[in-house]
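Q: Read off the chains here:
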Amino acid sequence: MNTELNKPVYDHILVRYGELTTKGKNRKDFINRLVHNMRNALWEFDRLEYEKTHDRLYIHLHESDHEAVCERIRHVFGIRSFSLAMKVPSTIEDIRAACLQIANASDKETFKVAARRSDKQFSYISDEINRIVAGDILKTDRWKVDVKNPQLKITIEVHQGFACIMTDVMLGAGGYPVGIGGKAMVMLSGGIDSPVAAYLTMKRGIAIECIHYASPPYTSQRAQEKVEELARLLAHYQGHITLHIVPFTDLQLAIYEHGDESYAITLMRRMMYRIAAKLAQKQHALAIVNGESIGQVASQTLESMNVINSVVTMPVIRPVAALDKLEIIEIAKQIDTYETSIQPFEDCCTIFTPKNPVTKPTAVKCEKLESRFDWEKLVDACVENTKVVQIYPAKQLEEADLF
Amino acid sequence: MIYLDYAATTPLHEEVLEGYYKVLKQYYGNSDSLHEIGRKADRLMKQSRMQVASSLCVKETEIFFTSCASESNNMAIKGYAFANAHKGKHLITTAVEHSSVLETMKQLEEVFGFSITYLPVSEDGVVRLSDLAAAVREDTILVSCMYINNETGAINPIKELAAYVHTHTKAVFHCDCVQALGKYELPLQDVDMATMSAHKIYGLKGCGLLYKREHLPIIALISAGQQEQHLRGGTSNAPAYTMWAKTIRLALDHQREHFAYVKTLHEMLYEAFSNMEGFVINSPQNGSVYILNVSCEQIGSEIMLNALNARGFAVSAQSTCASKGKPHSYVLAAMGLGELRATHAIRISLSHLTTIAEIEQFLQVIKEIYHEYRT
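Protein chains in written order, with full-length UniProt numbering: chain A, 1 to 403; chain B, 1 to 375.
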């Protein structure tokens, strides 16, 4: 076993699959997709080697930085939990030394040793291994044995010629492997809700692309950078995100020129939906996702949703529709998007805010207002002039030689 | 000239100089301006902050760029004392801190009515937990203790001291880590605030840093704009702050190998001075390997310094920041080593740039000086 500064050096990671164990004959697709996603998430670590088995995945580290690898794995959906493991020669001395080192490196207080001996030639039976190893660890005063609820469980598997020692079960992100459920377009505004909606969608195995509506010069470059940063944070969960930046200024100005002020937001949302649907079609996405939460603002009452939603036929998924603001904020903090979301830049929903937005719009009125101008041409122009930015999880360093 | 005064400051790393020149020249924008030139400077500074935070394993919001370590110490101690005076007006520090801590404490005491306890140190120059335990009071709001002493290299048991403070009092713990950064593992997980400086690790002068745990309330000493979370106003020195990242990365990347090498130099010096006629070692044996403080009982600090300088060797007598007064080390005095040793001390401080040949020459020359000038 390699040691460095007396810290245990792990040589592989054992990954336990998430909900997909329940998924019958689709299992193979799920596992393949999961491994594919893992490879994407870990592409920089070129020494990794993947070994698929029917209920577990082994990632052989070959001296890659295990902490960095774990940090990435935490973001991959479809994993219930994972453990760091080390391989030692199957002699009792090596096993004892390795276990003691794991115990010393841990800050826990109660432990359990669970040995299993698949090599029946090994000269100690499982229970003897347990006792010998636990005896070593107990020599340090701090440790107590707790077989029911140990804070640290050391699992030893003795195979022919080598033994595996595992510890620290770490929780994975859960959910389904991203991409297994098709693709959706997420309307990413830059607020708190839409990144959470994107996250929840990916968690159900849906790959996403994002749409952002920009209205320069009313919205600043900084607002767009903020959205790119949010997309970057979300990209951790699926490897990379395609961000569509829609130039929305002309259409928005036309709405304010021809529409009724109280209906401005309603009409704007209808236009956004139309554009999203067209982009979805272009990108072969099957649904639109947004961060609408029932009743949060005037455009998110059921009446408004009805009138706005009626302009598209594809499903519109609102993962946070029934969550409280505080619940949404909690998830946003958990996925690290909150701090970025609350940066105060104008987005196209916050400029031109009407004093009295309508909370119960009607479709008839909307259609009447829309008939006053040639919005179709403007919508098409938006779609046509949409710019695409590819966003990757790693922060792109500017002037890297300065750092 | 052979430089053996790396604890005072260090030569600039070539890569830092090149980067600094480039940023100064090309990215001159004010990092708070909204146009692209300003945004660019801001992004570079942000990247630097991010990288510094990740190499120190803390959050970006916990890193504050300042103009020097002395400013960081002022900002931490006064900033916290002023913001929390309603909780108590007692602070604890040690008798051997850097002048920027001691003078800050003195000012708090004399001008602002705080009461200060100065902890004594052992003969090894180390703060004892029992003294701290005896000094804490109900109204103690802050304890400031350096990690590695700049004159003797004595290493304080920060982990234990901070743990005591956190479990037995409501006070927070500030640690001056200037002599430890890039040399020893920093106790940032154990303390609430910590001070660092770039020019001690081959970075730029005029470039300090304060680590402050998130949500710890301090008030600004320089009130102005929104820079550094409103806690340190004034146009950001974006070029210098941008270079923090590289400075710290270079230092941490090579920390272990540099340490191992300097340890051999230190052993060599320690061994030589232990057996050298007329010299006593003031540094504890288990102190920092980067600093060795010795006294020649027959030759005063100033004379020794001048003699070494004339022969092409640069060392210090005491903390460089207090070198303008009469040569008397309050640190050695606090260790109870006596007046003679406190006025006859020199500090040799090492670097990975120091060669074995330089150490050999130095030892040779110091023997010659001793035989020439002893009284």
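Because the hints were derived from the structure by calculation, they are not lab data. Note that the coordinates shown come from a computational prediction; the quantities given were computed from them, not determined experimentally. For each residue, glycine too, the CB sits at the ideal point set by N, CA and C. Careful, some of the hints might be misleading.
Here are a few chain B residues that face chain A, going by a calculated C-beta distance under 7 Å [claimed, not checked]:
{"id": "1", "residue": "GLY19"}
{"id": "2", "residue": "ARG43"}
{"id": "3", "residue": "GLN51"}
{"id": "4", "residue": "ALA245"}
{"id": "5", "residue": "LYS246"}
Q: Look at each hint and say if it fits the structure.
A: Status of the hints after comparison with the structure:
Interface hint at GLY19(B): satisfied, since its Cβ lies 5 Å from the closest Cβ of chain A, which is below the 7 Å cut-off. At its closest, the beta carbon of ARG43(B) sits 6 Å from a beta carbon of chain A; the interface hint therefore holds under the 7 Å criterion. At its closest, the beta carbon of GLN51(B) sits 6 Å from a beta carbon of chain A; the interface hint therefore holds under the 7 Å criterion. A distance limit of 7 Å between C-beta atoms decides the matter here; for ALA245(B) the minimum to chain A is near 5 Å, and the interface restraint holds.
Taking 7 Å as the C-beta cut-off, the interface hint given for LYS246(B) holds, the closest approach to chain A being about 6 Å.
This entry satisfies every hint, going by the numbered hints stated previously.
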